[in-house]
Amino acid sequence: MSEPMDSGTPVLAASHVTKQFRVAGGHLTAVDDVSVEFHAGKVLAVVGESGSGKSTLARMLLRLMPVTSGTITYQGKDVTHIKGGELRSYWRDVQAVFQDPFASFNQFFTVGHTLRRGMGAEKLSEATLDALIETCLGYVGLKPGDAVHKYPHQLSGGQRQRVMIARALMMNPKVLLADEATSMLDASLRVSALNVLQDLRENLGLTVLFITHDIGQACYLADEVVVMEHGLVVERGVTDEVIFNPKHAYTKRLLSDVPDLKGSLKVRED
Amino acid sequence: MTNISSNAVSAEREGPLVPEAPQAPGPKAKPAWRSLNFGPRMWVSIGMIVAIAALAFIGPLFYPYGPDQKVGGLYDSPTPEHILGTENFGYDVLAVLMASTRNSLINGLLAGTLATVIGVLIGILAGYVGGWIEEALMGITNIVLAIPAIVILILISMSLQSTDIPFLKGIVGLALVIGITSWPWTARAVRAQASSVGTREHIDVAKLSGARTGGILIFDVLPYLASYVVMAWVLQLASAILAESTLSMLGLGPSGTNSLGMQLHWALAFQAVATGAWWAFLPPTIVLTLISFALLYLQSSLDEVFNPRLRRGKKKNLAKAAERRADAARKLAEQIEGRQEVSA
Chain A
3 MSEPMDSGTP VLAASHVTKQ FRVAGGHLTA VDDVSVEFHA GKVLAVVGES GSGKSTLARM
63 LLRLMPVTSG TITYQGKDVT HIKGGELRSY WRDVQAVFQD PFASFNQFFT VGHTLRRGMG
123 AEKLSEATLD ALIETCLGYV GLKPGDAVHK YPHQLSGGQR QRVMIARALM MNPKVLLADE
183 ATSMLDASLR VSALNVLQDL RENLGLTVLF ITHDIGQACY LADEVVVMEH GLVVERGVTD
243 EVIFNPKHAY TKRLLSDVPD LKGSLKVRED
Chain B
4 MTNISSNAVS AEREGPLVPE APQAPGPKAK PAWRSLNFGP RMWVSIGMIV AIAALAFIGP
64 LFYPYGPDQK VGGLYDSPTP EHILGTENFG YDVLAVLMAS TRNSLINGLL AGTLATVIGV
124 LIGILAGYVG GWIEEALMGI TNIVLAIPAI VILILISMSL QSTDIPFLKG IVGLALVIGI
184 TSWPWTARAV RAQASSVGTR EHIDVAKLSG ARTGGILIFD VLPYLASYVV MAWVLQLASA
244 ILAESTLSML GLGPSGTNSL GMQLHWALAF QAVATGAWWA FLPPTIVLTL ISFALLYLQS
304 SLDEVFNPRL RRGKKKNLAK AAERRADAAR KLAEQIEGRQ EVSA
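Here the protein sequences come in this chain order: A and B.
Here our numbering is used: position 207 in the first sequence is 209, and no number is missing along the way.
Here our numbering is used: position 293 in the second sequence is 296, and no number is missing along the way.
Rather than coming from a laboratory, the hints here were simulated on the basis of the structure.
Owing to the predicted nature of the structure, the values given are computational and were not obtained by experimental measurement.
Warning: the hint list may mix true and false statements.
Stated by the list, open to error - Output of the computed footprint for chain B on chain A, the stretches with three or more beta carbons under 8 Å from beta carbons of chain B:
hint, segment
1, 89–100
2, 107–113
Said to hold, decoys possible - Away from chain A, derived, C-beta distances all over 10 Å, residues of chain B:
hint, residue
3, A54
4, D71
5, G88
Unchecked claim - Some chain B residues close to chain A (C-beta under 10 Å, calculated; not the full set):
hint, residue
6, E84
7, K172
8, A209
9, G213
10, A214
11, Y227
12, G341
Ideal placement from N, C-alpha and C gives every residue a C-beta, glycine not left out.
Make a model of the complete structure from these sequences and hints.
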């Protein structure tokens, strides 16, 4: 197990985290002794095929799933076993956007209700809440106003995902986990969602964990890349190093599946 | 705060959420309840339930005889004045039937609602929270299921008859007994559904939004089970009414109260079947059958309403749509042919 790559103080870190599920006749190790660190204002991508353990890692980092062993620290504090108010306070700082933009909504709530829900404990005035909703929807390029009265089924897939990002931003988080947040969007909306995340990082200094099976997207967005296979971290490094000088056979294979990635990146730089 | 230009551009490409230009008013939107697509079976069952409820609650207001008013002797035959004759105590059968139906419906409502509330509470907690709470609650449920309900019902009903609390001796006491003993099936079914809903992403989003367990259960889990709970409740109503009738017919019903089961009990006790006094036992039997049939029919039609795959008439609608498309294609072909002829 290699050590984490950056020596600065991380905002969020998983240290030697393992997750095992009980299955018939034994245990299935979904995440095996993984250590990752998230540094302020950086985008870290976790890449791997389906079943590599990246979403399980994200759910453990979000404390939506207990770890089997290992620790999760947030701003230097162990949050592995926090509960109740402490956990809710952790969730204010660490937010997520999930894969399915329709399943993420409670279909009985309007967009406005979904956005306001997280602010219940804040006791903000209506005017302040409205201003906050307008700002957060503005961040993701959506027009407020009547949008807040719509139900999820009245929005397109891309709009739903944008609302979900806006919902996360309402909490003013320090870290945003995007778990396959673009995989259910079509190609044009995917680029637009990636741009939203890129802009949020640049304009708000948000730390982003971008989980994807598409190494091309990871390279487009991330400063650092972690490659996972069968629950193990097989390679990690700054994005350019992983793309141009992959060391592990699995990373090479993932890169070979992306048509002309290096060329695309060159175009992006130009 | 900064607005993000690149996203505003992409949002424009995706289309605004709200149309900017005023649009011509379209056809009037259907009210929400109409989207439920009630089928004929639903209307038939609702019609039957309304008719039975009218007999029970509105009928006595217009009928000249009361259920405690002696109008004749033992099993007097039907006459134009007493269209269903008299029963063993000389009371008008129709007047007693209306009072019995009302009490049986009230009993069913109380017992069915109580069983549904207990079942939903236990099922939703077990299914969503999981772990040792689920194991404990499901353990209790399985124990209650394993004990023959009819035995428990008989034992508790007998003990209620000797109680000093008048409230428990009546129809409410019996409803409580039935409600308390008939929740396990609902609990098991709701647990399975709640367990499935609990793993959905919107639950994770609710947690991340700071919602507490109670709030998640009420606002994020229960609404997704609503259709299921309504169907379970309708079934509980039917089974509670039948359970009350069974107990009452065995003589374990509330003493001094009219109910469909008690009518059958007295008819059996006073040899109505042997003496051919059909008006004493047939009307309560028919009403009981109609209530059960209407509720079971309602439950099955609700299944169609909530589950689009079961909707009837789908094939017919598809055939109509295909016909419309064929018509449109024919017209288009005729137009093209017409143009070709003109150009030739």
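Quick rundown of the hints versus the structure:
| no. | hint | verdict |
| --- | --- | --- |
| 1 | 89–100 | holds (count 6) |
| 2 | 107–113 | holds (count 5) |
| 3 | A54 | 34 Å, holds |
| 4 | D71 | 49 Å, holds |
| 5 | G88 | 54 Å, holds |
| 6 | E84 | 56 Å, violated |
| 7 | K172 | 43 Å, violated |
| 8 | A209 | 7 Å, holds |
| 9 | G213 | 5 Å, holds |
| 10 | A214 | 7 Å, holds |
| 11 | Y227 | 8 Å, holds |
| 12 | G341 | 40 Å, violated |
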